[in-house]
Structures are given as structure tokens and as C-alpha cells.
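Asker: Each chain, letter by letter, is given below.
Protein chains: 2
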Amino acid sequence: MSKLVIVGTVAFDAIETPFGKTDKILGGAATFIGLAASQFNVDSAIVSVVGGDFPQEHLDLLSEREIDISGIEIVKEGKTFFWSGLYHNDMNSRDTLITELNVLADFKPVVPKSYRDSKVVMLGNLHPLVQSSVLDQMTTEPLLVVLDTMNFWMDCALEDLLTVIKRVDVITINDEEARQLTGEYSLVVAARKIHEMGPKYVVIKKGEHGALLFHNENVFFAPALPLEEVFDPTGAGDTFAGGFAGYLAKTDDHSFENMKKAVIYGSTLASFCVEKFGTERMENLDGNEIHKRLQQFKALTQFEIELT
Amino acid sequence: MSKLVIVGTVAFDAIETPFGKTDKILGGAATFIGLAASQFNVDSAIVSVVGGDFPQEHLDLLSEREIDISGIEIVKEGKTFFWSGLYHNDMNSRDTLITELNVLADFKPVVPKSYRDSKVVMLGNLHPLVQSSVLDQMTTEPLLVVLDTMNFWMDCALEDLLTVIKRVDVITINDEEARQLTGEYSLVVAARKIHEMGPKYVVIKKGEHGALLFHNENVFFAPALPLEEVFDPTGAGDTFAGGFAGYLAKTDDHSFENMKKAVIYGSTLASFCVEKFGTERMENLDGNEIHKRLQQFKALTQFEIELT
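Residue numbers (my numbering), protein chains in the order written: chain A, 3 to 310; chain B, 3 to 310.
Among the clues, some could well be false.
A pair counts as met if it fits within one copy or between any two copies, since identical chains are not told apart.
In silico lysine-lysine, BS3-like type, Cα no more than 30 Å apart, as pairs [stated by the list, open to error]:
| no. | residue 1 | residue 2 |
| --- | --- | --- |
| 1 | K195 | K23 |
| 2 | K195 | K294 |
| 3 | K195 | K168 |
| 4 | K195 | K278 |
| 5 | K78 | K23 |
| 6 | K121 | K202 |
It is worth saying that the hints were derived from the structure and are not from the lab.
My request is simple: use the sequences and hints to build the entire structure.
Answerer: Printed below as a string of C-alpha cells:
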């Protein structure tokens, strides 16, 4: 078992879907990543920033999950990052209604001293310079760095993004972003180009169509569990990444074979995340439910064809 | 091993993709289904119609595959069904440029006497009344009837379509068509509604995103093999259906477990079909290649997570 340090947003979200809408609720990439990773009882810390308006109960929720929050800076006079989005009927497209950076605009991450030797680092979606700064603070080289990013940084900070991408072992990125980053439509070709940018492992997230893991000439695919209803996709990608990184931190095995399992765990946790608004489902999730859903994943994908 | 009777078009296609374009080449649902099923050396027959303009060499190609063509009517004074389509850059959308029904307009299928006791019937995409007529001609009730259809018949012959759907065991349909047929966005809910229309097994084809097999509360998923290049998607769905039906005719086991394997074989064969224009790849495909690709499918999807 390794220590896991997570950098990312801890935020307010306001979400509207065809099923309803929320006021400002707990959100943020690091929140979803941390909740997912906490399922593996790893020693983890979140590095982030919130404003004076951020309720203590949200911080307590993370602490109760044994997540170290000493790296979450509280800017008393500031306001917490706020995102608001509207999902359309197919749940695959969304409009961003509001983005208020607030305290995130001047965020200088500080990794707690006791986590600067963490073996696993999960760089949640944030400005690539912030992601780089976390790596710079590590006193011993991590064994595994996982980076998540999005198209926004390709549009406005591409050079910084390419610099940090060079330094990571695994990148998780969605299909459209992989295409934008490489200019290639085929995900197989896109993954190869991203390999050449640095990451030995490339995970391409396809939302309801599952996720692909590439490593040299190897490829593994995990479907998304077919659900009767996707209630709110917010945080599903972060939950996937958190499950992935959490499982690898727990098992200390960064082989392709074990990374396949990490992808399955990530997909399993993401399948819960979308069942309720925001973090609600992830706050109320027990090991038995996860176990049962892993069995569903096996039934969904495993077959017996004897090949000699 | 069971006899397999296939009804569907035998046709000319003219295809344009970002990679190039063809003149009139061999196409048609029954052609692709027959070529795929022939990989299993089952005793199969195609029921279809062509015009006097149809080259003998195309018929010879089918005969050489041990496909009985006595049920392919040749209307000497007529012209063969012709379809022309243009694929866009993403290969997921296409425009139909030309549809000339020609001899298909008055097609009255006649199942050869020696195939009226076939245990497996594959109803390729055609007017639902033509599909029904084939079932009416069977002298003993088939053990397995598989139906493929498309949105066109939902728009202009819905009642006839619902009548024939009631009579089949398996339906193969793409995701958008499943949504149109049921008015449900969730494929899980759509599959349940289609079950209620008659078919015990529902296969939803998602193109590059794979295929789902539903049977009561069971669901199985086969991804499409991630390819560097999809050259021409024409016939991929029919090839999938042909591989599926051919494997089931060969094995005589219509259990859910065996149907999972049939879905994998169908996906495997479809992954070859798209590598070249039209039927070219399916005409030049040997058992070793199939075996190797099945191994790729296993590597792509199989994982080891011990669950008690």
C-alpha cells in the first residue's frame, strides 16, 4: 500500500439534468477522486483550495473518509470555485452555464510535508502549471503519476500541458480530447501519438461507451455498465480516475495486468456515481455493493472460447 | 450442425468513403450474411432476387463457399437492387445517394424445398412482409429465428414489422433504431420493451462502440475491436449477424452462454469486414486470421478479479 496525493478542485456545483436540478452542492475533481480512492482505504491527501464560504461539514465528510485535508487551503476572505452545468436529454452533451474561478484563480498548491514522498500522485483536472508544481514538490520520485485533463487547457495552455504530460506515467482523457490533442480520429492512432508525448499508459474515456487502456501494442477495454437511468454524469470521469489511482496505490502493482483491474474498478465506481446527483451516491456506498457490481461487470464481459 | 436459410438482398453497392470510392461492386445483406456464416461450414442457402445484369462470377463466389443459391431468383429482364452511399469523416454517419429497388420491388421469396426444414433462419433486412413470407414457408418450426431490420421499416411498415418481430427469437438492431422502435433512450429499457414485443434475445449494435446482448435480466457486451482505420463500414452489421447466426447453426446450442460466444464471433468477423471495400476482405479471410483475432478479443476484454 502506497500513499496517494491528489490535487484538484474542491468546489460547488449546481447541476440541471432532465431529472431535476440542484442548488450549490459539493463537487470538484479532487472531491470525487478522493471519495472513490477512499474505497480502498489508502492513505491519501487532497491538495486544493476553498473559500470562507465552504461548509465545514463538507471538509468533515472528507476527513471521515480518512482523507488528509491539511493540504486544502482555506482562503477566508475568498469564495469557493463554482461550476454550473445543464445536461441535455441524451446526457452525453452539456452546457456550462457558470464558471466562477474565485479562489482557484490564485491557487498555489502546497503538498503537506508528510505526503511529499507519496508513491502515487493523481493530478486531477487543473491548470497544467498547478499540476507541474505538485510534481516539483515531491521529495522522492513517485512510482506512478496519473494525470487527468480536459480540452480547455489544450485551447489556452497547450505548451504547459505538453510539458506536464511529458512527466506522467498515465494520462486519462476523453475520446474527443484525445482527438483534439493529436489531430487523429482513430483512437488507436491517437493513443500511439500520446504515448510519444510521454505517458506509457493512455486511458481514453468514452463515457457511456466505456474506457480503453493502451500500453505499447496492448489494449484493454472496459465497458460502462448499461444502466436503466443515468441520473447525473457529473464527476463520473473523476470517480473513474480516483478508483483507478486508488486501486493502484493499494496494490502497488503497476503492471499492465493490474492496470486492467484498476480500469474495471474505476468503471465500477463510476457506474455508481451517475446514479444520484453530485457526490450523494459515493457518500453512501458500501463494499458489498461494489462487490456485487464487480460480479455484474464479470458477467457483462467474460466469455469462454477455447483457443489453442 | 443445423441447416441455415438466409433471406436478404443480393445487390450492387457503390460506396464513397474518405479513403476512396468504388464502382458498382457486390453487396447486399444476404451476401454479407452468407459470407460470414460460410466461415462455419454450415449448410446454408440464400433466398433473394437479382436482375439479368448480375454477373455470374458473383453467384459463383457464393457457390464456391458452399452456399446454396437455388433460392436466388434471376429476373432476366430486370435490374439488380442498387444502393449507393457516402460516408463522412467519422465513418459513423452516411448519406444514401441512390436507392434503386429494381427487381426487389416485386420480390416474392421462395425457400428451396430442401431448406424448408432448416432449424435456423436468418431474416436479413428487407420488407417485413417478405421476412414473414419466409417463415410461412417453413414446413417444420425452426429452432431459432434471427431478424435484422432498420429504421426505414419503422417509418413505413411498422405494423408489418411488429407482426414479424412477434415471431422471432432474436432481433439485431442498432442503438438509434432500438430507441426509435421503443421511444426509450436507455438501451436497457429499450431492450426490455423489445423483449415484450416477442424476441427472447435482443442484440443492440452500437457500431464502433460494440454490441449488447440482452436476455431477461442478463446482459453481455462485446466491444468492437479498436482499429487503426475503418476503411468501409458497409456490411459490418450484416457480417455481425451472419457470424452470429452461423455460429449458432454450427453449434446447435441456443443458450445465453453460447449466444455470448456467437456475439464475439459476429464482432470478430465484422472487424475484418470494415478493413476493405465491400466484400473484399470477407472473400479473402482464413481460419488462422480469425483465430488470431479471437485471441485479440480475449486480450481486449478478459481480466482476473477474484470474487467470492
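Asker: Now, for every hint given, state plainly whether the structure supports it.
Answerer: So, going through the hints one by one against the coordinates:
1. K195 with K23: between (40 Å within a copy, 28 Å between copies)
2. K195 with K294: between (37 Å within a copy, 25 Å between copies)
3. K195 with K168: Intra 12 Å, inter 49 Å, cutoff 30 Å: intra-copy only.
4. K195 with K278: This pair counts as between: shortest inter-copy Cα distance 24 Å, intra-copy 36 Å.
5. K78 with K23: within (28 Å within a copy, 65 Å between copies)
6. K121 with K202: within (17 Å within a copy, 51 Å between copies)
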